[in-house]
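> The lines below spell out each chain.
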Amino acid sequence: MADATTAGRAHAPSGPFRHFMTSATPGQLALALAITVFLALFLIIPVGTVIYVAFTEKGTGTFTLVNFVDFARTDLFIRSFWNSVYVSAMSVVLASIFALPLAYITTRFDFRGAMLIQTLGFLPLIMPPFVGAVAMLLLFGRNGTVNLLLNDWFGFRIPFMEGLNGVIFVQAVHYFPFILINLSAALRNIDRAMEEAAQNLGCSGFRLFRRIVFPLAMPGYIAGASLVFVKVFDDLATPLLLNVKDMLAPQAYLRVTSIGIADPMGYVISVVLIVMSILAMWVSARAMRGKDYATVQRGGGGLAKRQMRPWESVAAYAAVLLILLLVLAPHIGLLLLSFATIWSFSPLPDGFTLAHYGRVFGESFVYVKNTLIYASLAGLIDVVLGTAIAYLVLRTKLIGRQWLDWAATAALAIPGVVLGIGYLRTFYGVQLPDGTPLATLWIVIVLALAIRRLPYALRACYAALQQISVSLEEAAENLGATKVRTVRRIVLPLMAGGILAGFVTSFATAAVELSATLMLVQSNADAPLAYGLYVFMQSAAGRGPGAALGVIAVLLVALCTFASHLIIEKSQKAKGAGH
Amino acid sequence: MNQPLSVSTLGAQAVDVDIRSVDLSYGTNHVLKGIDLHIRPGEFFAFLGPSGCGKTTLLRLIAGFNRADGGEVLVGGREVSHLPPWKRDVGMVFQSYALWPHMSVKRNVAFGLEERKVPRAEIERRVAAALELVGLSHLADRRPSQLSGGQQQRVAVARTIAIEPKVLLLDEPLSNLDAKMRVQVRRELRDLQQRLGLTTIFVTHDQEEANTICDRIAVMNDGAVQQVGSPMELYEKPANLFVASFLGTANIVPGRVIEEGGARLFEIDAGVRLPIPAHVTVPEGAKLVFRPQHASLGADGARDVSLPGTVLHSEFLGSTVRYGVKVGSAEVSIDVPFQSGEAIHKPGAAVEVGLSLNAAVWLAS
Ligand SMILES: Nc1ncnc2c1ncn2[C@@H]1O[C@H](COP(=O)(O)OP(=O)(O)O)[C@@H](O)[C@H]1O
Ligand SMILES: [Mg+2]
Numbered sequence: 001m002a003d004a005t006t007a008g009r010a011h012a013p014s015g016p017f018r019h020f021m022t023s024a025t026p027g028q029l030a031l032a033l034a035i036t037v038f039l040a041l042f043l044i045i046p047v048g049t050v051i052y053v054a055f056t057e058k059g060t061g062t063f064t065l066v067n068f069v070d071f072a073r074t075d076l077f078i079r080s081f082w083n084s085v086y087v088s089a090m091s092v093v094l095a096s097i098f099a100l101p102l103a104y105i106t107t108r109f110d111f112r113g114a115m116l117i118q119t120l121g122f123l124p125l126i127m128p129p130f131v132g133a134v135a136m137l138l139l140f141g142r143n144g145t146v147n148l149l150l151n152d153w154f155g156f157r158i159p160f161m162e163g164l165n166g167v168i169f170v171q172a173v174h175y176f177p178f179i180l181i182n183l184s185a186a187l188r189n190i191d192r193a194m195e196e197a198a199q200n201l202g203c204s205g206f207r208l209f210r211r212i213v214f215p216l217a218m219p220g221y222i223a224g225a226s227l228v229f230v231k232v233f234d235d236l237a238t239p240l241l242l243n244v245k246d247m248l249a250p251q252a253y254l255r256v257t258s259i260g261i262a263d264p265m266g267y268v269i270s271v272v273l274i275v276m277s278i279l280a281m282w283v284s285a286r287a288m289r290g291k292d293y294a295t296v297q298r299g300g301g302g303l304a305k306r307q308m309r310p311w312e313s314v315a316a317y318a319a320v321l322l323i324l325l326l327v328l329a330p331h332i333g334l335l336l337l338s339f340a341t342i343w344s345f346s347p348l349p350d351g352f353t354l355a356h357y358g359r360v361f362g363e364s365f366v367y368v369k370n371t372l373i374y375a376s377l378a379g380l381i382d383v384v385l386g387t388a389i390a391y392l393v394l395r396t397k398l399i400g401r402q403w404l405d406w407a408a409t410a411a412l413a414i415p416g417v418v419l420g421i422g423y424l425r426t427f428y429g430v431q432l433p434d435g436t437p438l439a440t441l442w443i444v445i446v447l448a449l450a451i452r453r454l455p456y457a458l459r460a461c462y463a464a465l466q467q468i469s470v471s472l473e474e475a476a477e478n479l480g481a482t483k484v485r486t487v488r489r490i491v492l493p494l495m496a497g498g499i500l501a502g503f504v505t506s507f508a509t510a511a512v513e514l515s516a517t518l519m520l521v522q523s524n525a526d527a528p529l530a531y532g533l534y535v536f537m538q539s540a541a542g543r544g545p546g547a548a549l550g551v552i553a554v555l556l557v558a559l560c561t562f563a564s565h566l567i568i569e570k571s572q573k574a575k576g577a578g579h
Numbered sequence: 001m002n003q004p005l006s007v008s009t010l011g012a013q014a015v016d017v018d019i020r021s022v023d024l025s026y027g028t029n030h031v032l033k034g035i036d037l038h039i040r041p042g043e044f045f046a047f048l049g050p051s052g053c054g055k056t057t058l059l060r061l062i063a064g065f066n067r068a069d070g071g072e073v074l075v076g077g078r079e080v081s082h083l084p085p086w087k088r089d090v091g092m093v094f095q096s097y098a099l100w101p102h103m104s105v106k107r108n109v110a111f112g113l114e115e116r117k118v119p120r121a122e123i124e125r126r127v128a129a130a131l132e133l134v135g136l137s138h139l140a141d142r143r144p145s146q147l148s149g150g151q152q153q154r155v156a157v158a159r160t161i162a163i164e165p166k167v168l169l170l171d172e173p174l175s176n177l178d179a180k181m182r183v184q185v186r187r188e189l190r191d192l193q194q195r196l197g198l199t200t201i202f203v204t205h206d207q208e209e210a211n212t213i214c215d216r217i218a219v220m221n222d223g224a225v226q227q228v229g230s231p232m233e234l235y236e237k238p239a240n241l242f243v244a245s246f247l248g249t250a251n252i253v254p255g256r257v258i259e260e261g262g263a264r265l266f267e268i269d270a271g272v273r274l275p276i277p278a279h280v281t282v283p284e285g286a287k288l289v290f291r292p293q294h295a296s297l298g299a300d301g302a303r304d305v306s307l308p309g310t311v312l313h314s315e316f317l318g319s320t321v322r323y324g325v326k327v328g329s330a331e332v333s334i335d336v337p338f339q340s341g342e343a344i345h346k347p348g349a350a351v352e353v354g355l356s357l358n359a360a361v362w363l364a365s
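In order, the protein sequences belong to chains A and B.
Just so you know, full-length UniProt numbering puts 327 at position 327 of the first sequence, and the rest follows in order with no gaps.
Just so you know, full-length UniProt numbering puts 170 at position 170 of the second sequence, and the rest follows in order with no gaps.
With the rest of the complex left out, here is chain B (with noise of 0.2 Å):
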C-alpha cells in the first residue's frame, strides 16, 4: 500500500468544509438543530454519538442526498445547497459499502470516472493507481460478491478516491468487519487520508474509533453538536454531561456547594463533603465529574481528598479491579490497578476513597 507515486497521481488540493446553522426536519422529527462546524482543509474529522442522532443525517446533507430547510454547507468556499448529489464531487463511502454486483471490481472503480467521461487511458490509470493505493490491484477482475467484507470495504473506498473528491465522507465504514478487521482498517484508513491529505468526515457511534484516527471530533446528541474537540481534550475538559459520560467512564455525583470559613465546598451528603479548588467555576446546579482511575481506594498519599465509603461490589477486569463504591449516597466507580498477591475488598467493606481534585470538574448539564 506504500506507493507515493499513486498517491501523487489522486492527490488533490485539500479544501475545507462549513455548515453554517442547519436544520433539518422529516416531518415534526426535528432531526438538525442549528448545526454549525467547520471542517479544515485535510482534516480527519469525525461525528459521533449515539445511534440516531442525526450524524447519517447530516453526511448525507453534505453529500446532497438531504436538502436543508435551513442553513448552507460551503464546500472550499463554495455553497453547494443547490447542487445535485452528482455535481458536488464529494466522495461518499456508504455503510452497506454499495458494490454493484454485476460489475467487476475494476469497473465499480471506474465507474466515477466514466461517467466523467475521462479519455480511456486515463481511466485505466486512474483505476490501477486506486485499486494499487488499497492494494487490491490483483483483484481487480473479480466480482464484489466474491471478495471479503475487508477488500469490499477497500473497494469502495478505491471507487470513491477514483474520482479525486474535494472531501471524502465515510458512514460507519467499519461496522460491518468483524473486530479485528476492524482495528486493522482504522489504521489503513488514517494511513490513507494522510498520505492523500484529503478532508475526510468519519461518522461513527464507537468512540474508539473516533478516538484512535480522528484529529477532531464533533460529539453529536439529539441533533446538535455538543461538542467539538480533539480526542484529549474531549476526554479531560468534558463541555456537558453528556460528553463526559460518552467518551469513557465517567462518575457523575450530584451535591450543592456550601460556603464555610471563606472556602467553597461541594457537600454530596450530610457530612461528606470535599474542597472546590479556587480556579475552578462551578455553575448552578453542577455535578461532580471525574474519571474511574482518578480515585483510589485506602491510603493514598497523592490523591487530594479523602472521603468515607463501602463496598458494593467488585470487578476484575484483568489489569485493574473496577469497584463499586457508596460515597454518601451517590454510588461510584473506581479503578485499582491489579498487583498480583494483592487481597480484593469484599462487598461491605469500609473504605477510604481518595480523589484527585486537579482532575475533577463541575458540570450543570
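One chain only, chain A, in its complex shape (with noise of 0.2 Å):
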C-alpha cells in the first residue's frame, strides 16, 4: 500500500463527478486512513502472510521455490487438485442443467408462475450447502428414499452421492442459483426484436436459441458460472461433512490442524486456491468485455412474451417442478430430519416428534444468538466501510482513493480458509496483556465474516450512491449545509435502501458462512450457527438436533430478509412518490 498513492494518481477520476470534486479535507483524509489500517490489518496483512510463508523457507525466511515443488511431488495434493478442478467444472455443468431451462421458460414464455419460480430459485442460497449435504445422504445416498424405491420396483440403484459425485450434486444444487439470477438477468435485458429480427429473416426454434438467444445472454452465463467455480472451488465443509478429504481446500484445512500451523504445504495449498480464483474471475472479465449486449427496449411491440402451446405447456411444467423439487430437495429431506424420530434405511423417517426443537432450543440457543450477534456486527462493519469507500470514491478528489476500492474488492479472491489460516497464523503471536493470544478472541470471527462479506456490500453502497444525482448535494450546500451536515441529511437518508440492502446481503450470507468461521472457532460457547450445524452434523445421533437448528438458520434468514425486502421496497415507493 506504499506506494499506493502514487499510483493512484494516474487514475482520473471517473463519472459525472469530476467538476464537483474539490479537493479532500481532513476529515476525508482521516476517514480514508482508517479505512486503510482496517484493510491492511485484516486483509492484506494475513494474505500476505500467508503468501510469504508459502515461498519462504521454514524457520529462515529466505525465498524459496521449495515447497511448491513439493507439492507438485506428491501424489495427493496433485490428485486433490484434479479433484476439485474436476469437481467445480461438473457442479457448473450440473448447475447450468438445472437453472438454463428455468432462466430461458420464466423469461420468454407467458408462464404461470414465474415469480414464484425465481423466488424458490433463491432458496438453496440461505442454506449452507453443507447441511443440504446431509439431507441429500438421506435423500439420495445409497441407502437413502430414492435408492431404495429405485432398489425395490426396478433393482438397481443411481451412485449420485458416492463420493466426488455427491460433492457434485450438492455443490450444484445450492449454487446454481448465482447461474439463474445472472442468466434471467442476460435473458431479460436482450431486445425482444433481436429475436424477432432472426424469425424474421426465417430461424426459428433451437436453432434461434443457439444462433442469437444463447450467444447474447453468454456474458450473463460466464459471470454465474465463474462464480459457481469459484464458489464450489473455497469450499470446505461439504467434501469434509461427504468425507471426502482429497480435495484441495479439505487438505490445506486438514494440514492446518492436524500438522499444525507452522507446516508450510497449508500455504502453499492456499496459494494455488487464490490463484484459481483470480484466474476464474479474469475469465469471467474478459468474457463481459465489450460484451455488454443488454439492449435496452427501443421501439414499440417488445412486451409480449410468448404463449406456450399446450404440449409445451406441458413439458415445461414437468421440467420446472422436476428440478425445483430437486434444488429445494435438501430443504425439504432437512425439515423431515428436523421432525424425525429415526431416519436410516428407510424412505421416510420411522416417526416424528418435536424433541430435536426442544433440545435445540435448550442448549444450542447460544449458536443463535452469536450468529444473531456475529452477522449483524459484520454486516454492520460492511455497510459503515463500504459506505464510506463509495463516499470517498465518488465524491472526493482524494489521491488513491480507487485503491480503497480495489483492496476491498479484492477480498472477492481470498477463500475463506485462506483468510482463516491467515489470520491463524498472524494473530497467533499477538497477545493481549493477560496473555491470551488475539486469534482466540470472537471478535475475530466477526472480523473474517466482514472482510469476507464486505465486496458485496460495497457494491450495494456504491450503486446506491452513483444514482444519487450530485446537484442534489449541491442544492444542500447552495442553501448553507456544509459537506458533514450534507452527507448526514441528504446523502445518507437518500443511500438508506441501497445500504440497508447491502447489510442483509452481508448478514444473510454471513450467518450461513462456515469456511473462515471453522479455523477459527476456538470454544463450543463463542461458536456460530454454521458451527454448531457442522458438529452436530458429523454424529449420527447428532443429525435431528442438527437438521432442527438447520431449519431455524434457513428460517431466521429468510425472514431478516424478506423483512429488510420489505422495508427496501417501502422506501423506495416513498421516494418515488416524493418526486
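Do not take every clue at face value.
Label-pair ranges, simulated between beta-carbon atoms [as the list claims (entries may be wrong)]:
hint, chain 1, residue 1, chain 2, residue 2, range
1, B, Gly52, A, Lys397, 41 to 49 Å
2, A, Trp311, B, Lys180, 37 to 45 Å
3, A, Pro101, B, Tyr26, 26 to 34 Å
4, A, Leu492, B, Gly324, 50 to 58 Å
5, B, Ser148, A, Gln466, 45 to 53 Å
If you're looking for bench data, these hints aren't it; they were derived computationally from the structure.
The structure presented is a predicted model; accordingly, all values stated were derived computationally and were not measured.
A virtual CB, placed ideally from N, CA and C, is assigned to each residue, including glycine.
Each chain sits in its own coordinate frame; assemble them with the hints.
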C-alpha cells in the first residue's frame, strides 16, 4: 500500500462528478487512513503472510520455491487439485442444466408462476451447502429414499452421492441460483427485436436459441458460471462432511489443523486456491469485456412473452417441477429430518417428534445468539466501510482512493479457508496483556466475516450513491449546509435503501458462512450457528438436532431477508412518490 | 450506391398486400378496428398516425408477430395468417435495427440466407450485393457497435433485402437518427425502393417523412384507417377533421348553415358570415376548414370573401408571419408572406381577413 498514493494519481476520477470535487478535507483524509489501516490489518497483512510463508523456507525466511516443488511431487495434492477442478467444472455443468430451463422458460414465455419460480430459485442460497449435504445423503444416498425405492421397484441404484458425485450434486443444487440469477437478467435484457429479427429472416426453435439467444446471454452466463466454479473450488465443509478429503480446500484445512500452523503445505495450497480464484475471475472479466449486450428496448411491441402451445406447456411444467423438486430436496429433507425420530434405511422417517427442537432451544440457543451478534456486527462493519469507500471514491478527489475500492474488492479472490489460515498465523503471536492470543477472541470471527462480505456490501452502497445526482448535494450546500451535514441529511437518507440491501446481503451470507470460521472458532461457547451445525452433523445422533438447528437458520435468514425486502420496497415507494 | 448490377441480383417480382377487415385486441384494449387496405405491387406505402394508434401492431401483424382476432392478410394473393413469422418471406426492419452485436456486419447480412440453406458461394455473392447496394461494402467485417446510427440502419436494411423478401416493412426506420441524417437516409430509402421495385410499407408518426417519400399514405387514428390517398390528396381533400389537422396546420371554424335569399351562407357568429359555393356539399353540423396560407390580411383582390377580425398575436417565422386572428368568436391562424420593410400588425389591430373559398372545405367530423 506504500506506493498506492502515487500510483493512484494516474487514474482520473471517473463518472460525471469530476467537476464537482474540491480537494480533500482533513476529515476525509482521516477517514481514508482509517479504512486503509483496517484493510491492511485484516486483509492485506494476513493474506500477505500466507503468501510469504508459502514462498519462504521454514525457519530461515529465505525465498524458495521448494514448497511448491514438494506440492507438485505429492500425489495426494496433485490428485486433490484435479479432483477440485473436476468437481468445480462438473458442478457448473450440472448447475447449468438446472438453471438454463428455469431461466429460459420464465423469461421467454407467458408462464404462470414465473415469479414464484424465480423466488424459490434463491432458496438454496440461504442454507449452507454442507447442511443440505446431510439431507441429500438421506434422500439420494446409497440407502436413501430414492435408491431404496429404485432398488425395490427396478432392482438398481444410482450412485448420486458416491465420492465426488456427492460433492458435485450437493454443490450444483446449492449454487445453481448464481447462474439462474445472472442468466435470467441477461435474457431479460435482450431486446425482443433481436429474436424477432431472426424469426423474420427465417430462424426459429432451437436454432434461434443457439444462434441468437444463447450468444447474447453468454456474458451473463459466464459471470454466473465462474462464480459457481470459484465457490465450489473454495468450499471446505461440504467435502469434509461427505467424507471426501482429497480435494484442495479440505487438504489445506487438514494440514493446518492436524500437522500444525507451521507446516508450509497449507500455505502453498492456499496460494493455489487464490490463483485459481483470480484465474476464474479473469476468465469472467474477459468474457464480459466489450460484450455489454444489454440492449435497451427501443420501439414498440417488445413486451409480449410468447404463449406456449399445450404440449409445450405440459413439458415446461414437468421440467420446472422436476428441477424445483431437486433443488429444494435439501430443504425438504432437512425439514423431515428435524422432525424425525429415526430415519435410516427407510424411504421416510419411522416417526415424528418435536424433541430435536426442544433440545436445540434448550442447550444450543447460544449458537443462534452468537450468529445474530456476529452476522449483525459484520453487516454493520461492511455497510459503514462500504458507504465510506463509495463516498470517498465517487465524491472526493482524494489521491489513490480507487485503491481502497480495489483492496476491498480483492477480498472476493480470497477463499475463506485462506483468510482463516492467515488470521491464525498473523494473530496467534499477538497476545493480549493477560496472555490470551488475539486469534482466539470471538471478535476475530466477526472481522473475518466482515472482510469476506465486504465486496458485496460495497457494490450495493456504491450503486446507491451513484444513483444520487450530485446536484441534490450541491443544492444543500448552496443553501448553507456543510459537507458533513449534507452527507448526514441528504446523502445517507437517499442511500438508505442501498445500504440496507448491502447489510442484508452481508448478514444473510455471513450467517451461514463456515469456511473461515471453521478455522477460527476456539470454543463451543463462541461458535456461530454454522459451526454448531457442522459439529452436530458429524455424528449420526446429532443429525436430528442439527437439522432442527438448520431449519431455524434457514427461517432466520429468510425472515430477515424478507423483512428488509419489505422495508426497501416501502422506502423506494415513498421516495418515488416524492419525485 | 448506384449499382444496376446489384439491383438485378436482388430484384424480385413485386407483389401486393391485401388486408381485409382485420381486428385485434390486447385484452380489453381494442387496438385494430376493422382495417381494410390494399397496397399495390411495387408501391411505397405509409402507415401514418399519432403514437399509440396501432401502426406497429398492424405492421407486426403482417410480419406474423401478432395474431389477428378476425380478418385476413394476403401477400401476393396468398393468405398468410396461419404462417409463423419465419415462413412468411416478409422482411422487416426494426425500429431499434436489432443488429446482433455478436456477429459482424457480414454475418448479420448473411444470416437469413444461411437459414434458407442457400449455397455458400451464392451467400457470398448476395451479401456482397446487398452491402454494395447500401454502400457499406468497406465495413463488412466491423461489429455493429462500431458503426454510426445511419450505418447501422443501412445494415439493417441490407440484412432484410438480402433474403429478397416479397414485401419490405419499415417500422419508424428514421426515428433513431438525428435530424440531418433523417433527411439523407429517407432519400436513400426512396431511391433504393425505386430501384428494387419492392413493395414497401413504412410506419411513421411524422407527416413530413410520409409526404416526402411515399406514393400513398393510410392515415390512422385510434386503431382505424381514416383516409387513404396520395400526400397531395390528403392535404387538399382531407376526408375528416382528424386528417385535416394531422397533416399540416388547419383552421377549424365552427358555425351553422343558413339560407338567405336562396343562397347558402355559413355563419360563424352573428353577422359574420360567408357564402358557400354552389357545388360544395356541407354535411350536418360541419365546420369550415382552411389552411393558414389560404387566407390573407388586409385588402387582397385575389380572395373571395372578406371578414372583420382582430389581431391577437403574431409569430415571425422567417419567410412568413403567422398571425393569430379573432374572427367572430373563433381564433384562426393566417400566414402572410413576409416582405422586408413591411410593418407587422400589432395585437389589437382591426384587420380584414380575406379567404379563398375554393380552397376551403366543410367537414362534419
Ligand atoms: N404487446 C402489447 N400488449 C398490450 N398492449 C399493447 C402491446 N403492444 C402495443 N399495445 C398497445 O396497443 C396500442 C397500439 O400500439 P402500437 O401499435 O405500438 O402503436 P404505434 O406503433 O402506432 O405507436 C397502444 O395502446 C399500446 O399500448
Ligand atoms: Mg410504433
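> Just to be sure I understand the hint, the distance between the Cβ atoms of Gly52 of chain B and Lys397 of chain A should be within 41 to 49 Å; is that true here?
holds, 47 Å
> Starting from the hint 45 to 53 Å, judge whether the C-beta atoms of Ser148 of chain B and Gln466 of chain A obey it.
violated, 29 Å
> Taking the CB of Trp311 of chain A and the CB of Lys180 of chain B, does the distance hold inside 37 to 45 Å?
violated, 53 Å
> State, for the Cβ atoms of Leu492 of chain A and Gly324 of chain B, whether the hinted interval 50 to 58 Å holds or is violated.
Roughly 53 Å apart at Cβ, these two residues keep to the hinted range, so it holds.
> Evaluate the given range 26 to 34 Å for the C-beta pair formed by Pro101 of chain A and Tyr26 of chain B.
holds, 28 Å
Violated hints, listed in ascending order, are 2, 5; each of the other numbered hints is respected by the structure.
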